[in-house]
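K.L.:
These protein sequences, in sequence, are chains A and B.
If you count the first sequence from 1, position 247 lands on 257 in our numbering, and the numbers rise without skipping.
If you count the second sequence from 1, position 165 lands on 166 in our numbering, and the numbers rise without skipping.
The set of hints was computed from the structure by calculation and includes no laboratory data.
Bear in mind the structure is a predicted one, so any value in this text is a computation, not a measurement.
Even glycine gets a Cβ: it sits at the ideal position worked out from N, Cα and C.
Please note that the accuracy of each hint is not assured.
[Claimed, not checked] From the structure, some residues in chain A lie toward chain B, with a derived Cβ separation under 7 Å:
#1 37
#2 45
#3 83
#4 101
#5 147
#6 170
#7 453
#8 454
#9 456
[Said to hold, decoys possible] Restricting the straight-line Cα-Cα distance to at most 30 Å, the calculated cross-link-like pairs of lysine-lysine (DSSO-like) are:
#10 381(B) - 33(A)
#11 26(A) - 64(B)
#12 225(A) - 381(B)
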Amino acid sequence: MLSDKNYISLEEIVGKEQVSASKEDLLCYSYDATNTTYLPDAVIFPANALEVSRIVELANLRGFSIIARGAGSGFTGGSLAVSGGVVLSTERMKRVIKIDEENLTATVEPGVITWEFQQDVEALGLFYPPDPTSKKISTIGGNIAECAGGPRAVKYGVTRDYVLGLEVVLPTGEIIKTGTSTMKGVVGYDLTRLMVGSEGTLGIVTGATLRLIPKPESVVTMLAFFPGISEAAAAVADIVAARIMPSTLELIDSFSIKCIEEYDPVRFAGVGALLIVEVDGRPESVKIEAELVNGVCKAAGATNIETATDKRAVKNLWKARRSISPALFKLKPNKINEDVVVPRSKIIELMTGLESIGKERGLIIACFGHAGDGNIHMNIMYDRNDDAEAARASEAVKEAFELTLSLGGTISGEHGVGTTKAEYLEMEIGSVEVALMRRLKECFDPKGIMNPGKIFSNKSAVRVT
Amino acid sequence: MKDLKSFLSEIDKCVKCGTCRSICPTTRVLGRESACARGKLTLIRAYIEGELEMSDDYTRHVKECAMCGGCRDVCPAGVKTTDVYLAARADLVKVNGLSFLERMVFKNLDSTRLMPSVLRLGARFKGLLFKAASPAEAGTASAIETDTGLISRFSLPLVGGGRLMPTVAKRFFLDLKEVRRLGKRPKKASSNTSETASVKVAFFAGCGVNYLMPHVGTASLKCIERTGAAVSVPKGQVCCGMPAFYTGDVETAERLARKNIEVFEEYGYDFVATSCATCSHGLKTVFKKLFENDDEMRDRAEAFSAKVRDITELLARDLKPVKTVEGISPTAPESGGKEAVKQISVTYHDPCHLNRNQGIKAEPRALLEDAEGVDFKNMKFACSCCGLGGGLSMTNYDLSIAITKRKADGAIASGADVIATACPGCIVQLRDAMQRYGVDKKVVHVVELL
Ligand SMILES: Cc1cc2nc3c(=O)[nH]c(=O)nc-3n(C[C@H](O)[C@H](O)[C@H](O)COP(=O)(O)OP(=O)(O)OC[C@H]3O[C@@H](n4cnc5c(N)ncnc54)[C@H](O)[C@@H]3O)c2cc1C
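The shape of chain B in the complex, shown without the other chains (with noise of 0.2 Å):
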């Protein structure tokens, strides 16, 4: 990774013009200059000229950022916005390390072993500090999903009142029986043989499906098979790294990612598939940003990375259905057509990790105007972000729920019943919203509604 010293030109292209201003989520609720992208390069250069010091509010103004990168989008001149945040970030952590709570959780992120003990611990105290909730205050479907949440019985520290948890699942996605199935090892020498003529998927399951929501990496796996495809869930797999790289724990991101590119290399693969838009947009794009000075490891991620697909983008263009299959049956008989199923209203919103880093915007509504029993709606800014990325509902919990409104009004203004999302994150902050600002709306990832 680059020393935010060398951002000094790329912070210089800003024209001051304010354009950033149009489209910040967090200038749309603080109302304040150092909020937007023309502000924060204003004090990032002053710090680098050594003309402010790394004050509680310049470390304030520079996290103080959802990440959602839509300063950069917007931005006439072309200024890479979150680079240089993602930098002053870096330097924050260089300087100043870790809060310890960061560090507990960063540091121990590649344990296969820790990480679920620690989370198995605090599912059985939960109750002393949350209190479940209902299905209307979790924006859950019970018919979708049985697990709905937990409510916050006091403002707690990284939580805050009142704030509904996802709760941590009972078995870990990784651990169920059927997915360590797919785990074994093939042996290398086959890889290359006349077996290999269905296409082969490995799965990366990420933190949010494994720990929060194993049905979505269980029904994702299902949509790959039922396209003929064979898929493997690749065994030592650990978090992708990217919630240490946003807070600016470069380090832990850089090992784990040299810990996922060595497991899947262990296994032959024409797709590495996600459900999760962060964990897309880290597999495909950080990981060569991370190794950037490393030729070795730099050419290996760059082969990971061409291999890496958001689940939605493989499904929609990768992988052709294979409705008539025989033994994998195909979800909705051809007969009856549409009117016969009955209909969901879902709208859709776009995760700023897939639609704005990835340019996956298209893929999951088509996906969803395909799918059966559904009629699917746009919903007005469904491209806003939802206001939990770059750590901000950890640093920031209430300005980072307070974002989620203009989607909780977005979603009311759809009229759908079902918000659908391709993001783990997502998905938490939104039904936290829906619970918080009172609106009976469901949220799924999509390819539970496939």
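Next up, chain A with everything else stripped away, as it sits in the complex (with noise of 0.2 Å):
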């Protein structure tokens, strides 16, 4: 519970109306795309870095927790205040300060979307490439918190690969900057790969510099057809070794296919398995790419091969491929979604174990994703009611974790731990590193105050001085 003397604290820094404890509002700030809720004690929704800094100072002056909020749009449960707090939304930190031309380069504020700054750069001729599916709704400073990735990561990498500089105000409400606005640096400890990917856990971001590239002059979008998964998984590998560059690499599998079945009914009835690839670049190496693409995805059995021909097909494409996730639940009411990752050349062996994991357990396990850096979106489904079958689909998490690792993978590609995966972190991370990251959180956060019971098992990570 917030005490009245901290909730009065708080209306004096950002005034009456950006702070609320009402029911409704405490409702609404409940929950994230984990559809799981946690009511905080407030919701607090500050105007700039100054403000922030004298909220979290506050807080760690008289310990109550602060937990950033970007959309909303998490998988993880990082925006959720599983045990009360207050909720931290940066939704009025939504400008694009700069835009360097010159340089190639942005300044923007935390709360952004990601597709508006996308829509804006792109309007100068420049690239933001990491696209999470999410990417309509999400914001710049949830994107580097969890550092995201999307289905463009295959060539040109993830928000870390963009991120130059930041803003952050620490546990303890010092503002700081890291990083530079340079293309390079090396003074002093890397503190931007630090906080990118921190899950709100050492900072919360205020600003934030990032690269851009010029615009990809055109683009290819193909539609691959497979018989089945292993061939569509086989196509992938063959992509990679053969050296093709593609820029996006998107598996679907079978169980996702039927859930969007309803955006192109005559095509989409009764397949396999489906790629989505593109290619980018100048004109004349894409075609020569796209051509590459064609015969490794019939030699390795591609029924069918489409190019995409106008920007209506390919945006109807892509709608449909975003909806997978949230159309899932079609199949099942609930599902343990995981975002693991394997090396290319693995991802028949991954495709294969999690087909026979799901078959021995009598559970649909629905794979879909970004295949083209080994990335899978496993969906585990089950019905939340039915006890064997919610144990049966826990079971096999763990077990699909097992097989990730033993492949020489990664159980969270883009994702992030948040509360979902916490008590797999150590089947993951060795003792030692595990320790030197609670120190790591520790040095930052005394307190405790930032974001508790995330990344690390409940309790330990809380360790109230």
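The task is to assemble the complex, starting from two chains supplied on their own in separate frames and drawing on the hints.
P.N.:
Encoded structure:
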């Protein structure tokens, strides 16, 4: 519970209108895309870094927790107030402060919506590649905190590759600057990289300087139809091995196709697996690469390969792709959604392994995702109200993680650990490394007020001294 | 209409992915989770479960929505968000009743006498509260139309300061002599005889056309007649009821729907046409829903709805222009070609009730592209909501007109001189926005350009 005294102090910082503890507002900031609910004690909407700094300073002084929140599209519970506290929404901090066309950089506030920022820079012939499928809602701050990736990561990398410098409010309230606004910089430790992917546990990002590149001149989008998942997975591995650099290489399995069939009932019905492949660059090279992709897919067993000719078709295809994740609920009311990554040569083994885990336990495991970088979104579908099924689902997760790690992979490529993966952290990370990470956390956040209960499994992370 | 409680399972389809945030015009302006569907559904659910009372905040959040249907259209889980909102609004009315003003307006919508006289009275005293807008302020071309609208002198309840209000017409559409002539009831028996060779269209005016924009009505009639179809304007028709329906006053909506169906049944027609997107949506899709639990009325509503066409749909699809019919002179000569006619550049705004609720998007554009003297360009955000709907311009004018800012920006970027649309409501709102944001563009109905 937040005391009246603390509430009034918060009002003094941001004004009465910009903080709320009404039941209505608490409910609206109690969930994220994991569809779980924890009521915060209050929600606050600061306008700038200074206000954020004063809020955090107060929280640190009085000992209540602060949970940063962008759009609440996170898949691992990162923005949830799992043990109460104040949700700090960046919805008002949404200015693109500067796009520097000479140096190809941009400075933005954390609440800027990824896609809108991309529209702005693309209008100037520039390009900000990180494109989580949630880009139309997710914020740059949330992307930085999770180190979001997306379909284009296979060629262009993830959020971390485009962050040059940050403005951060530390859990103790100071405003710091990390990194540079230059293309290079090695002075001191790389705090920027430490902050990227820290899930709002080490500080609140209040500003970011991002790297831009020239916008590719042309893009060709292809859709390849496969009889089954193993052929499609083989094609992915073959494309990589053939040293072709597609800008997108997305895999969709038959369960997932079923959920989006309505987008194209004629062509999607009964398909075993799909690959969406994009190549971009100069028109001449794009043409050559597209032909290469075509050849590899055919050799791997594609029954049909279509090249999209008009923008509308491409848009519709991506709309369908973006809908998969939420549309999976047509299969079962609940899902455990994990985004494992394996070396790309091991995708076939991962896919067949997951298939047999599903079969053995009588579960649907729907897979799709950014296969081009080895990142597969596996969704174990179940019904929360069916205890036996729920138990089998959680066993399956563990088994899938074991499989992933045995293939030399990682249990999360982009969604982060948050609360949902905290209990599995030590499956992947050694005890010495975990201890080092905890010490880092304590060093940044001695009172444990910043987004407690995330990454490290519960109690031990929140050590109030 | 179904009870709010029965929508629990619909609400539970929401998986909280947040995709609704990407399209919601109120979320864009307010920047709060309570504005988007994910938030609203959470609140409505909590209210149904008794976790939340019908508080002022709850009421405000339920009403803070232009009912554009964007969230429903993008929802990957397929939640019928607008149906839930409507049920929540109906529940608000059931518990709290209507405000005095809403009651005054809605209870009299079906009076063919009282509404007009109130409006006329208002028209007489308007000078006290409003000043006339200059054509530039009104965003209207005097060449196309003379009425420029009024700007409120003070901040008025339901109106707000500096707001451009449409002028009430000197003569209402349904009172025009040439329109009343078309209201003559045909002898019922004759409806099946051979004299019905030509297509028969019964025209539904709607309040916007009747009270504010009779010229849109007459232009529509001309467009229909030009195709050789026979037009009637059934006498005794009343408001389509959608303003009441969207406020949650289902009872009034039912009463008006019943009355309209009865009136139109007196006439023989192949199509019912209207030039208001909200009316065509209501007549076509809402009437049936209103009589879900009344077999007899539902059948009658279905028979009626099956014939309803928006004017743009009717002209682009159902009726072929007969340019050479004698006596009904085509507007432009065949000779000379397009270059000979002075071109005005026109863009198009999609009314939500037409685009989202009826899927009519290509038809008005096709009409404009074919129109003589029109140089058509698409505009950015053409299908983003104007902000007027769902009663929002009455319950929260500031929010409503802030939403329209995006349209003003889109209009500037389009470079067009004229914004055409197919809904008197949108026209009123867009004109107000052009005035407010200092954009010198005319706003007209598509039929005025044909
Ligand atoms: C349909 C769907 C598809 C998705 N596809 C992808 C995908 O392709 N790739 C991918 O990587 N992710 C994907 N995601 C997950 C999610 O969108 C990303 O993790 C995104 O980066 C979250 O952004 P957000 O603004 O919603 O952040 P939130 O969900 O609000 O927060 C996420 C985390 O960031 C922290 N945070 C937010 N803002 C700040 C800040 N200013 N400073 C410090 N910490 C902050 C929060 O505390 C929390 O820990 C998808 C989600 C959905 C619903």
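K.L.:
All the hints need checking, so say for each whether the structure fits it.
P.N.:
Results for each hint:
{"no.": "1", "hint": "37", "verdict": "holds, 5 Å"}
{"no.": "2", "hint": "45", "verdict": "holds, 5 Å"}
{"no.": "3", "hint": "83", "verdict": "holds, 5 Å"}
{"no.": "4", "hint": "101", "verdict": "holds, 4 Å"}
{"no.": "5", "hint": "147", "verdict": "holds, 5 Å"}
{"no.": "6", "hint": "170", "verdict": "violated, 23 Å"}
{"no.": "7", "hint": "453", "verdict": "violated, 33 Å"}
{"no.": "8", "hint": "454", "verdict": "violated, 28 Å"}
{"no.": "9", "hint": "456", "verdict": "violated, 31 Å"}
{"no.": "10", "hint": "381(B) - 33(A)", "verdict": "violated, 38 Å"}
{"no.": "11", "hint": "26(A) - 64(B)", "verdict": "holds, 22 Å"}
{"no.": "12", "hint": "225(A) - 381(B)", "verdict": "holds, 21 Å"}
The earlier numbered hints that this structure contradicts are 6, 7, 8, 9, 10.
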